[in-house]
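Asks: Residue strings, one per chain:
4 protein chains.
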Amino acid sequence: MSDVKKVVLAYSGGLDTSVIVKWLQETYNCEVVTFTADIGQGEEVEPARAKAQALGVKEIYIEDLREEFVRDYVFPMFRANTIYEGEYLLGTSIARPLIAKRLIEIANETGADAISHGATGKGNDQVRFELGGYALKPGVKVIAPWREWDLTSREKLMAYCEEHNIPVDFSSKKKKSPYSMDANLLHISYEGGILEDPWAEAEEDMWRWSVSPEQAPDTPTYVELTFEKGDIVAIDGEALKAHEVLERLNKVGGDNGIGRLDIVENRYVGMKSRGCYETPGGTIILRAHRAIESLTLDREEAHLKDQLMPKYAEVIYNGYWWSPERRMLQAAIDETQKNVSGVVRMKLYKGNATVVGRKSEQSLFDESIATFEDDAGAYNQKDAEGFIKLNALRLRIAAGKGRQQS
Amino acid sequence: MSDVKKVVLAYSGGLDTSVIVKWLQETYNCEVVTFTADIGQGEEVEPARAKAQALGVKEIYIEDLREEFVRDYVFPMFRANTIYEGEYLLGTSIARPLIAKRLIEIANETGADAISHGATGKGNDQVRFELGGYALKPGVKVIAPWREWDLTSREKLMAYCEEHNIPVDFSSKKKKSPYSMDANLLHISYEGGILEDPWAEAEEDMWRWSVSPEQAPDTPTYVELTFEKGDIVAIDGEALKAHEVLERLNKVGGDNGIGRLDIVENRYVGMKSRGCYETPGGTIILRAHRAIESLTLDREEAHLKDQLMPKYAEVIYNGYWWSPERRMLQAAIDETQKNVSGVVRMKLYKGNATVVGRKSEQSLFDESIATFEDDAGAYNQKDAEGFIKLNALRLRIAAGKGRQQS
Amino acid sequence: MSDVKKVVLAYSGGLDTSVIVKWLQETYNCEVVTFTADIGQGEEVEPARAKAQALGVKEIYIEDLREEFVRDYVFPMFRANTIYEGEYLLGTSIARPLIAKRLIEIANETGADAISHGATGKGNDQVRFELGGYALKPGVKVIAPWREWDLTSREKLMAYCEEHNIPVDFSSKKKKSPYSMDANLLHISYEGGILEDPWAEAEEDMWRWSVSPEQAPDTPTYVELTFEKGDIVAIDGEALKAHEVLERLNKVGGDNGIGRLDIVENRYVGMKSRGCYETPGGTIILRAHRAIESLTLDREEAHLKDQLMPKYAEVIYNGYWWSPERRMLQAAIDETQKNVSGVVRMKLYKGNATVVGRKSEQSLFDESIATFEDDAGAYNQKDAEGFIKLNALRLRIAAGKGRQQS
Amino acid sequence: MSDVKKVVLAYSGGLDTSVIVKWLQETYNCEVVTFTADIGQGEEVEPARAKAQALGVKEIYIEDLREEFVRDYVFPMFRANTIYEGEYLLGTSIARPLIAKRLIEIANETGADAISHGATGKGNDQVRFELGGYALKPGVKVIAPWREWDLTSREKLMAYCEEHNIPVDFSSKKKKSPYSMDANLLHISYEGGILEDPWAEAEEDMWRWSVSPEQAPDTPTYVELTFEKGDIVAIDGEALKAHEVLERLNKVGGDNGIGRLDIVENRYVGMKSRGCYETPGGTIILRAHRAIESLTLDREEAHLKDQLMPKYAEVIYNGYWWSPERRMLQAAIDETQKNVSGVVRMKLYKGNATVVGRKSEQSLFDESIATFEDDAGAYNQKDAEGFIKLNALRLRIAAGKGRQQS
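Here the protein sequences line up with chains A, B, C and D, keeping their order. Anchor point for the first sequence: position 326 equals 326 in the numbering used here, and the numbering is continuous, going up by one each time. Every number in the numbering used here is 1000 more than the matching position in the second sequence, counting from 1. Every number in the numbering used here is 2000 more than the matching position in the third sequence, counting from 1. Every number in the numbering used here is 3000 more than the matching position in the fourth sequence, counting from 1.
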């Protein structure tokens, strides 16, 4: 284990990763570089500096990655209307590739030969961190303390803290929650505790980012979202950066009780787990994006996108952002977004994010053809007969030859 | 045109199809058989008898198809979590195959050589009726009056009525609506009128089956839905027939403002159209079915279902229910539903249909493995290392050879 | 019919399209512009000029499109390893988009308002020409004489010639064949005649581009094909233009009895038809391209390509080259070809095109890992245990809960 | 390691698995049950009995599984026209599920708690054996000696033999080959040796099951293959069992130089490997099956099969035969095969397996419609206009609104 000289750790500043700092130093007798990023998790990142220093860390990286996160990861993913298993908006999954990329870049900058993270051996996140790491630096050594050490209970962890003089108030406030949580600009997630019984309803006081629909205002809020090439660039006419869009929508969505989700999902490592999620802004974006696409996408490209989406979601969920198959799918998706521009009007009300209008200069909706009124010859109804006849031909031949018909 | 001897008409009893009866008799000099079905459209079908008789029809079929409709068409479709273009629950599409089948069966019983319907030449329904007809009776003659006649405005239609003594009160009440509507047990749809402008918000008084979320009760309603092999067989413990399930869920869903939808969709004939839909029961079933599947389906079959679903939806939307490709997809879908049994608990509140619990004797959720607590060795975290290493191998080799990494 | 002023006709110089020139002039009282292209069909195109002049045509376009055809249509298609229905290399399909594009461009140059072609109403080619035409010039008028006129037998056609002084030697030599044929640089096709019985073996003297395997040389020929980004750029080290590659491979392939195919295929218009094809060069390219990809593509992008290919083939076969869905798929395919460079060595012998070696500087084949000999730790066999254990986890959980196992 | 009481070993009777018998006895201090199956590998299985007895094995299973193998595994797979990565007929992959199933059944019969096999830690076979084992008996212990022991070179293995009195003539004749080989009724495979250089051409004397095309007879052989529901049931009119079909076709195919393949493939464990295969019978079946399907399958089900096939191939290649996703795909495939009956006539000549005729009472080929001659009104060419117009509508609308056209 002595072959590691320097390791870059994804460091939250919380108790667990503080223990990891010490454990790495001790176990591998190596230098630890900490990397703490603001990706919108809603906690100050600057305090991590003093904590890392207190643990003897000399190279400390603290960065605001919010814009990059939304612009280069969240938005490209939403271009595909990505949902995992029909429900999950991939809030945790999409943050990992960026962290992995920065871990590797910092390893290269600091001459580190290893990276480390605080994810357990049961979950998806270890896979996402490590696949990213290996894809970007094939010879990197990965240290996953939770798979190695024997600090397998809270008691042992606390004992280790005491023994090594790690201040227990490093324990972040959120850790007092009975849930395992993760947050970034796209969502906050909850696992564990009573959620381990899929029949048990989540308790109201678990949720942190949104009011319940019951508590939301009694009057609706309307927003107008302006898209350019598939991404939202303005809200109610005000131009915003990518992360500002998401922050704004999280606020208005959360205020209106939007974006709560309670599911059982299939992890890549082979087990089912129950998770609750709040994704207020993402829930709004998803519906709005579909609405602007409904006007501006050709039917066949829209259908092909829908057929590819589950695969694309799986690729991201499983941790293969930094892979040729993701780039291949992204190329197809992005090719379709050139004309996905326009405005969507939404009504937000007590948990409902409803599309009530959409318009676009790139609209393919042709009122003169679609109308129930006189279309002045724009569409020749007689064409439908030939259309149907030839589409039916294979079915008629089969039936004529006595094939099963129903 | 004189080669048609007898034609079976899908007859609603309304003004338009009453005109068609007369027009067919005149134009083709043939006998007309009327077929009127109760598929849950919410209007009495029996009055169609007197109207048909008044028009000189001798063979009149009036049938209650509600159970068959839900059991053999709606439920099989929901087994696939079917949604067209990410939003539409296919309420109109799924009713057409049954009508087409009965038209052909009645043609065979009565010795008719033709069938007819009241769908226009611009829409999907003509395609669905006719593909079904041709698939089930390849030599059948199809008469689509809207593609043939010159009664292309309401005025001409009224003039025709007057001229032919068709009582104008044949005009059903719903036709006073400015919208083109269609209803069955699964949904009611609205098109035309101000909806032809996709930016215009639908007016509150258009909606007929649901209250608005604003008008819905201030306290939630909980329901427990029991599934067997993918279909709901009981609500709150009470065993129900298929159509009773849907009727019950339409009621409770509509009362809670659930199931409204406002979209622009791509028709099979090549144009975009804007439609509004109310699908209260279907909206509940879709979410509940996904929830019971989340416990009982294997991950890979679930993902494969998700990948096939858009194609299956397209097949149904485009009118190919009676096709080999639909049977092929159905075989795959039904194979997965053997263990999709259990109970889902849902909270219905002001437009929200939220899953709050799910349980099943066929559950694949393994709490002893998924737990954040000590799992007593049920899962060996060290296995994850090899899992990740080999999944990363192709990426590492590529990166090691200098391939693009990001 | 008098609203057409000028029509651009895809003119082969043969009897049928010469009749069409006259028929268009007469029927539509319009000017006809002829367009004749050399796409490698193996016949002189220049003689078409005198024939067109003799028919009174004033604007005559004769063009050599061989390079553009192979570079911009054939090669992009082969990047996807495109095969329709498991067998057909799409030789006819891929030529139509280029013809359609030039028809429209010439219409725009000459101020024509219509285009015309000599394809029948039963086949795929009418669809391909017309979809291309409409996609590139939405208001264009399309005239398809074979769907309109009454010259439905060879006798009537000959009578028309006599009546209108069209020299019968306009009838090209190939028309003496009992088969309907089509040729371009990618292939020559045969339909009709005795082929209409799918049980009948094609006669040896039908085939024109290849010797039979029996007649091919008794010693093999080896060729080395150099790929750059998915396309062949050199043969046996000699740099060649796209069409020269195909010409060269057609020659050496045909000489070795390679590329004959005899199939029943499903036309887009709904019927099955039997066709025989000779595609000597294409058959070689397909296998060689797969071989160079086998070294240079990542597994998952390769598998995704294979899953998308049938759709891509269908898009091209059905005539949707000029569509957003084709561009979307092409974007995905082309994204994967950046590293598809290297050399493939093939053995050609009596109908067999066999890959016997492949090498590439972009190779992902890692001998040090794959070896059966000592790999010096490049691959840790123990990783396989965890890999298998976690991949098996979902299956084990299901079996442990008594699920069907076989 | 002492917790294993009895282990069932897939025993070939060769040197390697004989060493494994001894090593298991020693290392785990457990009883070993041997299982040797004839799946058409071309070697006597009965001699394995004496060898096992000499090693002290008391429970010895020797079975002829040839019919079951072809009937229940090979034929179902060929119904899907299964090919991995465009080339490989999955000869090794498809034999593993049956072996895994018998290992588990014998474990259940003999009260064994473990299974073992002789596959290495680098290949696919370990995965296939073990996934099958875990899927069928979730608590089984799997012992993979090649991943555990230190007998990592031939020298160490030989030393172990000497030390333990394992007669070296247990080494089967085929092991003198420089290649790693595997054989069953579907194919024989070669890996390793000079094949580890993908540029090196395989040597002629490597191939064992087929003559080279050069050495094959100068006159073709014709065979007629009779299909019922997708499987071959007779050759030249003679009814045969499944394995007899394959044996017969291997003979005639091999005699005519058919079925050699030389590829680089992507293993599930993440590396590329080069393999050569002889699959004479399978090569013939694949083409014949496509030919009978070309007459009897509907177009859309055929295309859907083609789209699903790569996934199905991947499932089998990766070892997931005993999985819900395989059963789901099989249900779809088998649904399509009900009418895949008829006769295919093939010409076999010097490496070429060419379809020259096909006929079926279930044929959907309609000569009266497809004909180039007068079709007496069976097909109305005018229908094509409407068909094309409506299929073009979306493209025309887009072009009319100025969208990219080429």
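Mixed in with the good hints there might be a few duds.
What the hints assert, rightly or not - To be clear about the criterion: a stretch of chain B counts as covered by chain C if any three or more of its residues have a C-beta under 8 Å from a C-beta of chain C, and this derived list gives those stretches:
| hint | stretch |
| --- | --- |
| 1 | 1042–1055 |
| 2 | 1248–1255 |
| 3 | 1360–1373 |
As the list claims (entries may be wrong) - Only part of the chain C face toward chain A is listed, based on derived beta-carbon distances under 10 Å:
| hint | residue |
| --- | --- |
| 4 | 2005 |
| 5 | 2153 |
| 6 | 2154 |
| 7 | 2272 |
| 8 | 2305 |
| 9 | 2315 |
| 10 | 2323 |
| 11 | 2324 |
| 12 | 2325 |
| 13 | 2327 |
| 14 | 2328 |
| 15 | 2333 |
| 16 | 2393 |
| 17 | 2396 |
| 18 | 2397 |
Hints listed in this document are in silico derivations from the structure and should not be mistaken for laboratory results. Computed from a predicted structure; not experimentally measured. Every residue, glycine too, gets a C-beta built ideally from N, C-alpha and C.
Asks: Hints first: check each against the structure and report whether it holds.
Replies: Hints, verified against the model:
no., hint, result
1, 1042–1055, "violated (count 0)"
2, 1248–1255, "violated (count 0)"
3, 1360–1373, "holds (count 5)"
4, 2005, "violated (20 Å)"
5, 2153, "violated (23 Å)"
6, 2154, "violated (26 Å)"
7, 2272, "holds (8 Å)"
8, 2305, "holds (8 Å)"
9, 2315, "holds (8 Å)"
10, 2323, "holds (7 Å)"
11, 2324, "holds (4 Å)"
12, 2325, "holds (4 Å)"
13, 2327, "holds (6 Å)"
14, 2328, "holds (5 Å)"
15, 2333, "holds (8 Å)"
16, 2393, "holds (3 Å)"
17, 2396, "holds (8 Å)"
18, 2397, "holds (7 Å)"
The structure shown violates the earlier hints numbered 1, 2, 4, 5, 6.
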